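Chemist: Sequence:
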Amino acid sequence: MNKDNSNLPGNQRDQRQKKARRLILMVSAVGLVLVIVVSLLPPIRSRIINRLSDLRTRIIYMIDPPAEAVFVPGEHQNLETMVAATLNAFTPSPTMETTPTATLERTATPFPSTTPTITPTPLPEIIDLGDKVTYVHQHGRWNYCGPANLTMALKYWGWEGNRDQVAEVIKPGPIDPKLDYIARTKVDKNVMPYEMVNYVVDYTDYNAFSRYGGNIELVKNFLANGYPVLIEKGYFEFSSISNSVAWMGHYLFITGYNETEGYLIVQDAYLQDKDGNFIGKNYHVSYEDFITEWRFFNYLFMLVYPPEEEAKIFELLGPWSDTDWANRHALDIANQEITQLDGLAEYFAWYNKGTSHVQLYEYVDAAFAYDYAFLLYEGLTEEERPWRNLWYQTGPYFAYYYSARYQDVINLANTTLENISEPTLEESFYWRGMARLAIGENGNAVEDFRESVRLNPNFGPGWAMLEQLGVGP
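Our numbering applies: residue 1 is where the sequence shown begins, and numbers increase by one.
It is possible that some hints are incorrect.
In silico DSSO-like cross-links for lysine-lysine, where the CA-CA straight-line distance does not exceed 30 Å [what the hints assert, rightly or not]:
no.: 1; residue 1: K312; residue 2: K186
no.: 2; residue 1: K281; residue 2: K178
no.: 3; residue 1: K274; residue 2: K155
no.: 4; residue 1: K281; residue 2: K186
no.: 5; residue 1: K281; residue 2: K155
no.: 6; residue 1: K155; residue 2: K189
no.: 7; residue 1: K189; residue 2: K178
no.: 8; residue 1: K186; residue 2: K155
no.: 9; residue 1: K274; residue 2: K186
no.: 10; residue 1: K312; residue 2: K281
Label pairs and their computed distance ranges (CB to CB) [said to hold, decoys possible]:
no.: 11; residue 1: N442; residue 2: L341; range: 38 to 46 Å
no.: 12; residue 1: S321; residue 2: Y203; range: 19 to 27 Å
no.: 13; residue 1: P307; residue 2: Y283; range: 36 to 44 Å
no.: 14; residue 1: E315; residue 2: E384; range: 37 to 45 Å
no.: 15; residue 1: N414; residue 2: E125; range: 48 to 56 Å
No wet-lab data here; the hints were simulated from the structure.
Since this is a predicted model, take the numbers as computed values, not measurements.
Just so it is clear, CB atoms sit at the ideal spot from N, CA and C, and this is done for glycine as well.
Just need the whole structure built from these sequences, with the hints factored in.
Modeler: What follows is the structure, given as structure tokens:
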């Protein structure tokens, strides 16, 4: 029953109204305190921060779409002429008597074979190692395909660890007492192949290595002998954050093939159906789709294995056991694909050419290849542009820095860091710091090195530069 205050004397009505207002204020204050207290609890605070971060990212990408940003190298004026000369050098001469023309490649030959024979014996039509696989998904964490896939590769051989143990080392995130572990790992956008290899060698009883320039026959040969393979690939996916279909990098664990139907069997840590069910276990990928997406990372592959298997592993590797040969072979593939492909595929062929030159310490040649790749990038539609590429493949920094093109290093790092909702790429800060140091901007360089180790406390190159300069973090 509601109380009617209309018949009360004025002073009593005023007192009751004041009490009611005080009560409302007290309840509101208590509620506000509870909200603040609850929000300070790490799990709640982390969720609030994540949602605010996602909202901030959506707004930034809506106002300033990342695909619109284009890096223009400082030495691009004569690129078209130089590229035409390079492509002519790849074309076989019509007569044997013609004097050979000097090219950018010291050992390249026109249209090299990209599929050297791996084994003289035929492989089985079907191989499936799935019964030994412990499927590990990447969900419930941020940017976890590296830790998830490496965990699967290790567990195949009996390792008893988990994905978080891997991530604590290879993507620890910044040390911030205000953030829980999951929120910290969101900051780290990518794990490099060398970080995964180093983790296996330094933190487990197993061995690992990576190579460029692989092919499906090599992968199938490993599978047929009981060795699953890790690869890095690119793909297009709708992102609710940027509200667009965009290119991104991804790791895959390959555990089988079906030659009759032409597909590989992979463990995809990411895939879910519309109901949120994990569908990446024993997923089938056609050879054609696999090659298209593998090309985006210069046909990089990794092996994880027990030390006692090393002799067999390197026997199966054949010429790929020689790192220099593998890099030269990857360069041959890129040179061939440059003459055959167009659009996005041609961009990546030139990018792969640059990556291979970097691996061979041919930095001027690498810089030229990257220059032309960036020119092709500008000609792609915004929907095609792989604007995240420098998150994963940092070869241009090596090429420009060791070609003494320090301003290009700085400009590329600025473009990359400004093209992300919050600048969280330790490699870009590191290389910008190196270039700034080279041109005498010591103070700015130190700040970049400090930021690189703040973002990733396990980032060795940043720590090495701080130590060399005699400064702390």
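Chemist: Confirm or reject each hint.
Modeler: Okay, the hints, checked on the actual structure:
no. : hint                      : verdict
1   : K312 <-> K186             : violated, 39 Å
2   : K281 <-> K178             : violated, 36 Å
3   : K274 <-> K155             : holds, 28 Å
4   : K281 <-> K186             : holds, 24 Å
5   : K281 <-> K155             : holds, 15 Å
6   : K155 <-> K189             : holds, 24 Å
7   : K189 <-> K178             : holds, 19 Å
8   : K186 <-> K155             : holds, 24 Å
9   : K274 <-> K186             : holds, 23 Å
10  : K312 <-> K281             : holds, 28 Å
11  : N442 <-> L341: 38 to 46 Å : holds, 44 Å
12  : S321 <-> Y203: 19 to 27 Å : holds, 24 Å
13  : P307 <-> Y283: 36 to 44 Å : violated, 30 Å
14  : E315 <-> E384: 37 to 45 Å : holds, 41 Å
15  : N414 <-> E125: 48 to 56 Å : holds, 52 Å
Checked against the numbered hints given earlier, the structure breaks hints 1, 2 and 13 and satisfies all the rest.
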